[in-house]
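Engineer: So the protein sequences, as listed, match chains A and B.
In our numbering, each number is its position in the first sequence, counted from 1, plus 190.
Position 165 of the second sequence, counting from 1, maps to 146 under our numbering, and the rest follow consecutively.
These are calculated hints, taken from the structure and not from any lab test.
The beta-carbon is built from N, C-alpha and C at its ideal position, and this holds for glycine as well.
Hints should not be assumed to be uniformly reliable.
As the list claims (entries may be wrong) - Calculated Cβ distances over 10 Å to all of chain A for the following chain B residues:
1. S(-17)
2. E(-16)
3. N(-11)
4. L(-5)
5. I43
6. Q84
7. M119
8. D140
9. N152
10. D181
11. M193
12. D211
13. L268
14. H284
Unchecked claim - In silico DSSO-like pairs for lysine-lysine, Cα to Cα no more than 30 Å straight-line:
15. A:K239 / B:K32
16. B:K62 / A:K450
17. A:K224 / A:K291
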Amino acid sequence: MYKITQPTVLPIAEIINDSQDYKTYVFDYQLKAKPGQYLMIWLPGVDLKPFAVAWQTDKQFAITVLKIGPFTTELFKAKPGGFLGFTGPYGTWFDFDGKKKILLIGGGSGTPSVTCLAQAARQVSIEVDFVLAAKTKEGIIYEDWLAKQGVKVYHRFQNDKYQRAWDLITELIDSNDYDAIYACGPELLLKRVVDLTLQKDVFCQISMERYMKCGFGICGKCCVDPLGICLCEAGPVVSNQLATQITEFGRYHRDNSGQKVYFNQ
Amino acid sequence: MSEKLEINLTGIKLKNPAILASGFLGVTKASLKNMINHGAGGVVTKSISPKPREGHKAPIIITYEAGMLNAVGYSNPGSDKAKEEFTNIKEVGAPAILSIIGQEIDDFKTVWEKLKDCGFDAIEIPLSCPHTPGYGTMGGQHTPEMAEKITRSIKKVADVPVYIKLSPNENIVPVAKAAEAGGADAVVAGNSMGPGMIIDIKTKTPILGFGMGGVSGPALRPIAVRCVFDLYKTVKIPIIGCGGVGSGRDLIEMMMAGALAVELGTAIYERGPEVFKKICDEAEAFLTENGYSNIKEVIGLAHV
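Extracted from the complex, chain B is given alone in its bound form:
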């Protein structure tokens, strides 16, 4: 991988813009390191809550003709054990972003204050999970009012950049603007969409343990691209594109819509952890073939 793919995201240097999205692997320091060894430019941890959570009953992940449905339900060891797990997180060898979830506004601060000495480079706050009661869209967090309040609250205590992860479902622009007003350093567009449902017709039973789950993968990609495109015109802070990116072509597309970096996870299902290196190689080949000297040149090019 050459310097052509290097970017600077809110003051953090990434050797490439392909970041592991939250929720995929990422429960342990070793698994984050494994993704970086496979070429990820950065990693986001699984979301950490103040107390341990077991998550939903399985199946938690199924796939269909156009992508993936997941309802993991925020399983995580809680902030005390997460602190032990992620101590000296810089050892993973690339920027690491801590994903924090909470039900109350103060929960986000509580988790950060526990983990702030681990060495994370940034914080990501998802206000947009579509399948966990009390959190994200099911917790009424994806509104302009809540976005601004939660962002302000975490910004008061955070000494690293704060990214707010949005829902592609609705209101992405007003919620992003509220996050920006609250002091967010970047927005992530976005989470999985829906939720959707798949029913086994022999047993007349929804397959996912939670019944429904967020939709990701190829089905989500054009929607995520459009979200990034809309946000590029309306917010000044950087946008991290997320949704269905599975190739170098998709990464370039997301950046042309206006993303400074991308997150991906579902693509690991089809292409394995090697997907990070493959995407970077493909993106670099595109740059070379089309006369770009650096990936930064393609950002926002789809805007006239």
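Same shape as in the complex, but just chain A:
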């Protein structure tokens, strides 16, 4: 029998307003995704876009959406009971087997990918520190939720002494003995995390974003240089070592037409 890939359509069980720019969509469905994996979310008749699984229980799962463009603007109009579809879960996941104390870094809309890892790690009693990186105080999401999971939450708006989240991150890494560091967020932040963890020889995985349009390694939009592999399948979670083999990492990505777009250094 041919493997069928068509969206599973579900009513939205609940919508949580995380902030002015973020909403969380909850579905009554046992997903069994691995932390770091993503779904392709279908807004019928509009488009299909990738979103990380933000959290899951035996009965529910959720995605958290930053209002950023035409698709998310349409998605923000959805109401509880309205239908959304998904395919997946797809991609690689965070490996936390055997870790004791870990640092998680979530930047902006990348945060609700690492939250799923925080939840899974706390379920097996791993000590979790979590840095929320955001441009503004209003961009801090999941603070209370993480605290409830027993996660120690840090962000620079707690203390005037930090100008940038990076100052806080380096201070935590210098003063703690983490056996793994995981991050998802803006690529230039991820690049710093990768460089630092390689230098310090700490286990590190990041979740990397590229233009993913099909989710299963066929359309080729997320192929990375110079390996030519599709990040929708070989990622989004990659080790710091693999990240350095992807020479475009921290330099450019490709848009929907395949043209290179360089990151602002």
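Following the hints, position chain B against chain A.
Structural biologist: Coordinates of chain B only, in the frame set by chain A:
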């Protein structure tokens, strides 16, 4: 892989006849190279148009019980950026074929003149996309008249072989003969068929972003085989079989119908990029078990 699978396609030496079809991966030089590292005998790029195109809204690819529907909509970076991307294309390590699309007859020439120094081994012109307005069957290009005009136009400027990719839907023989008359060096039979449509019944909405899309995979294979069979009897130029090939058995079948080489893409969905090596291994095992010394021996064997 042994020499048993080597073929000569319009003067181009392929180490095996399994070529990556256009539209699958193939947006970047690195991804083409990755397919060749997985055993592809040659590769066709994603189709390049004069200007950049974003393509259709997603979903662009879905699958069903009998195969795949796609409506990618010819997303590509346009000929200027494609030239940068594909410079020194020979570095990929196997023959590379540039797929060119256009709406006007001169568009094909325009794209080739931009990319002609990249080092491509051949040009493929699809006149047969079933799901992009202004192009292929939706642009009125799949007629004998247009096929001959477009082929003649690109042949005037091309210093490499030109392959014309046909639609399995209808008129494949007259369109192929017109392409041959226009100077085509080979025909590809063929593109995806249809278009088809799948509707989500909960939301009453066609799933594909474009609503409909070309059908490929197992559902298409017997139709593609019959197209190749018909063309083998009517055109003298080589035929490249394309449609639903997913195993060594399918490759042999397509060649027995009359194909000199095959293109494949949908099979990557089920068997991964490794499908190229697997198909070649399977085809070679068939040759050995059945007493053929070379894959060329099976071409056209289904014709009495």
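Engineer: For every hint, state whether the structure bears it out.
Structural biologist: Going down the list of hints, with the structure as the test:
A cut-off of 10 Å between C-beta atoms confirms that B:S(-17) is not in contact with chain A; the least separation is 26 Å. Non-interface status of B:E(-16) relative to chain A is upheld: no Cβ of that chain comes within 10 Å, the nearest being about 27 Å off. Listed as a non-interface residue, B:N(-11) keeps its Cβ farther than 10 Å from every Cβ of chain A; the least gap is roughly 27 Å. Under the 10 Å C-beta cut-off, the non-interface status given to B:L(-5) relative to chain A holds; the minimum distance is some 20 Å.
Not every C-beta of chain A lies more than 10 Å from that of B:I43, the closest at about 5 Å, which undercuts listing it as non-interface. No beta-carbon of chain A comes within 10 Å of the beta-carbon of B:Q84; the shortest separation is about 17 Å. At roughly 20 Å from the closest C-beta of chain A, the C-beta of B:M119 stays outside 10 Å, upholding its exclusion from the interface. Distance check for B:D140 against chain A: the nearest CB is about 26 Å away, which clears 10 Å, and the non-interface claim stands.
No Cβ of chain A comes within 10 Å of the Cβ of B:N152; the nearest lies about 29 Å off, and the non-interface call holds. Once the 10 Å rule is applied to beta carbons, B:D181 is inconsistent with being away from chain A; the minimum gap is 6 Å. The claim that B:M193 is not at the interface with chain A holds, since no C-beta of that chain comes within 10 Å of its own (minimum 13 Å). Every CB of chain A lies more than 10 Å from the CB of B:D211, the least distance being 27 Å, so the non-interface label holds.
The Cβ of B:L268 lies farther than 10 Å from every Cβ of chain A, with a closest approach of about 28 Å, so its non-interface assignment holds. No Cβ of chain A comes within 10 Å of the Cβ of B:H284; the nearest lies about 31 Å off, and the non-interface call holds. Only pairs whose Cα atoms come within 30 Å are accepted, and A:K239 paired with B:K32 is accepted, the gap being roughly 25 Å. The suggested pairing of B:K62 with A:K450 holds, with an alpha-carbon distance near 9 Å, which does not exceed 30 Å.
The suggested pairing of A:K224 with A:K291 holds, with an alpha-carbon distance near 19 Å, which does not exceed 30 Å.
Checked against the numbered hints above, the structure breaks hints 5, 10 and satisfies the rest.
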